[in-house]
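Each chain, written out:
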Amino acid sequence: MNIFVCVKQVPDTETKITPNSDGSFIETNSIKWIMNPYDEFAVEQALLIKAANSGSTVTVLRVGGIKDTEALRTAMAMGADESYLVEADDNLDSYRTAKALKGAIEKSGKNPDLILSGKQAIDSDSLQVPQLLAQMLNLPSVSVVVGFEQNGEELTLKREVEGGTIEIYSVKTPCVVACNKGLNTPRYASLPGIMKAKKKPLTQLSLSDVGVTAEDQRVKYSNFQLPPEKPPGKKFETGDNVASVVKEVVGLLRNEAKVI
Amino acid sequence: MAKILVFTETTGDNVKTVTLEILGKLNGHEVDVVSISNLSESSITELAKYGAGNIHQLKGNHLEHYTPEGYSQALKSFIDGKGYDYVFTGSTSIGKDLIPRLAGMFDAGMASEVTNFIFEGDTFAGTRPLFAGKCLAKVEISGPKPHFITVRPNALGLAESPSAGAGSKSEASVSVDQVRASIKEIIKGASEKLDLTEANIIVSGGRAIKDASNFKILNELADVLGATVGASRAAVDSGYAPHSMQVGQTGKTVAPSLYIACGISGAIQHLAGMRTSKCIVAINTDPEAPIFTKADYGIVGDLFDVVPLLTQEFKALLG
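For the protein sequence lines, the chains are A and B, in the order given. Our numbering applies: residue 1 is where the first sequence begins, and numbers increase by one. Our numbering applies: residue 1 is where the second sequence begins, and numbers increase by one.
Heads up, a few of these hints could be off.
[Unchecked claim] Here are the simulated SDA-like pairs of lysine to any residue, each with C-alpha atoms no more than 25 Å apart in a straight line:
no.	chain 1	residue 1	chain 2	residue 2
1	A	K235	B	P308
2	A	K235	B	N200
3	A	K235	B	E313
4	B	K315	B	F215
5	A	K32	A	I17
6	A	K172	A	E153
7	B	K252	A	G147
8	A	K50	A	F148
9	A	K235	B	T293
10	A	K172	A	G55
11	A	K32	A	D125
12	A	K235	B	T276
13	B	K145	B	N116
14	B	K252	A	G163
15	A	K16	B	E288
16	A	K258	B	G24
17	A	K230	B	T127
[Claimed, not checked] Pair by pair, the computed Cβ-Cβ distance ranges are:
no.	chain 1	residue 1	chain 2	residue 2	range
18	B	P287	A	K258	19 to 29 Å
19	A	L226	B	S163	28 to 38 Å
20	A	T213	B	I118	27 to 37 Å
21	A	M195	B	I118	47 to 57 Å
Hints are computed from structural coordinates only; laboratory data are not their basis. Owing to the predicted nature of the structure, the values given are computational and were not obtained by experimental measurement. C-beta atoms are modelled at their ideal positions from N, C-alpha and C, and glycine is treated no differently.
Could you build all of it, start to finish, from the sequences and the hints given here?
Here it is, written out as structure tokens:
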């Protein structure tokens, strides 16, 4: 099988975000970057499928800045075979990202059997790229996937929806699957894996190489700012008077905050 | 005045509240509503009250359950040629999955999970959180129309005095050729309660809950308040709760009226996910816990003492 995995490099979840001086994006200089946590589940799933289907290859794709080779090297250290980086701004919109991914898949010369990604990137939080990419490639897609079974070309996928309800989808490859936490436990890259990854092929492409132009921009962000801070709240030490504190807070919720 | 279509889902006999939030905010524009699930008479009345003009009910094959291909083809064939400038819907499980695919069919742009918006003339300008709410940005859409927008539930609130629309209902047949990813089975979740992303009140437990069985006391409080129960990442990673209950940067971002954080210290990822809650109550034994910096009302105490008393007090008040 030709398995493709789309990954993104995002600020570590511990990062405090600061808008840049003209509000066009965030300050990116002193940020620790990690592989998007949901993408780790996609990489792991690709490696599990590869292990179960001899002769398969796992190709990792990324659209972003040059520093993002780190996420690609990490995926290859985990066991992916090769990778493609389409060099672009960090805040490219979803439409151009999906189009660039489609272009990179075509450049690879391989027909995809399966395209995996995280259900969303934890920086832009758009949840658009997997579905857009599927539409652009005219493939079916299933998102927020927490269970994956394969029987030849038939896949049985569990998708998580509201209230913990699970929808069980049946779909044939080729298709696009967007992965959620709970699908598997991502492996760590081993030291030999890290050494080997340095020699695995990493192809760099430009946006024009994959057919993306300025006219493909669909969404523009501006005016990045911190959310307004709330005024400080009221704090109660319970001590020996838990019941009276609770009574007071409940009264405030009704009469002051008016939320009950 | 822009020509706008709002796609609505239903829960039981009712339309989702987020639809009414969107309609109220769109007063002054020409707004139609479209639904694939059946709309009850009371839903039609409700939609009209909040400003819906024409209400279209779509019928066709392969639409019994939601599927991204079935619903997107149905909406594509309905929307084609009607000249809508914008298509809005709630950022729900369906909205998040469906709208990017539909936007792709029109080569159109999409803004996800906006929490507020204005129109400058006919032009949409939205505000949306990024980095799980650690910052906000203005979002504008360009390119072919219609432009697509999903709105986070509970973010806009219901308009207090909306202008009513005609609310005239009609049925339209749509054709769906092919559904390659199809639903074989639906396993209902344990809870019939609203999802965290739509809940008006949330009671969440953190690491201090110590055991999955202790969620019982949070469930009792939630039952009295009609609330949904959530959990912090620490509680999920310790195996006390499933990931579907996780609030935070690698879980769900929520915007309830009231968020009660029980035994949650307040890691930056958790604060990001719940900070847009209108009122926050925090219960923690550590007076220095970061959660207290975001709380409207902080109770320094043991959740095992405080929560049962809260349940009792609310029961007396609401019962």
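For this session: Please write out, lowest number first, the hints stated earlier that are contradicted by the structure.
Result: none
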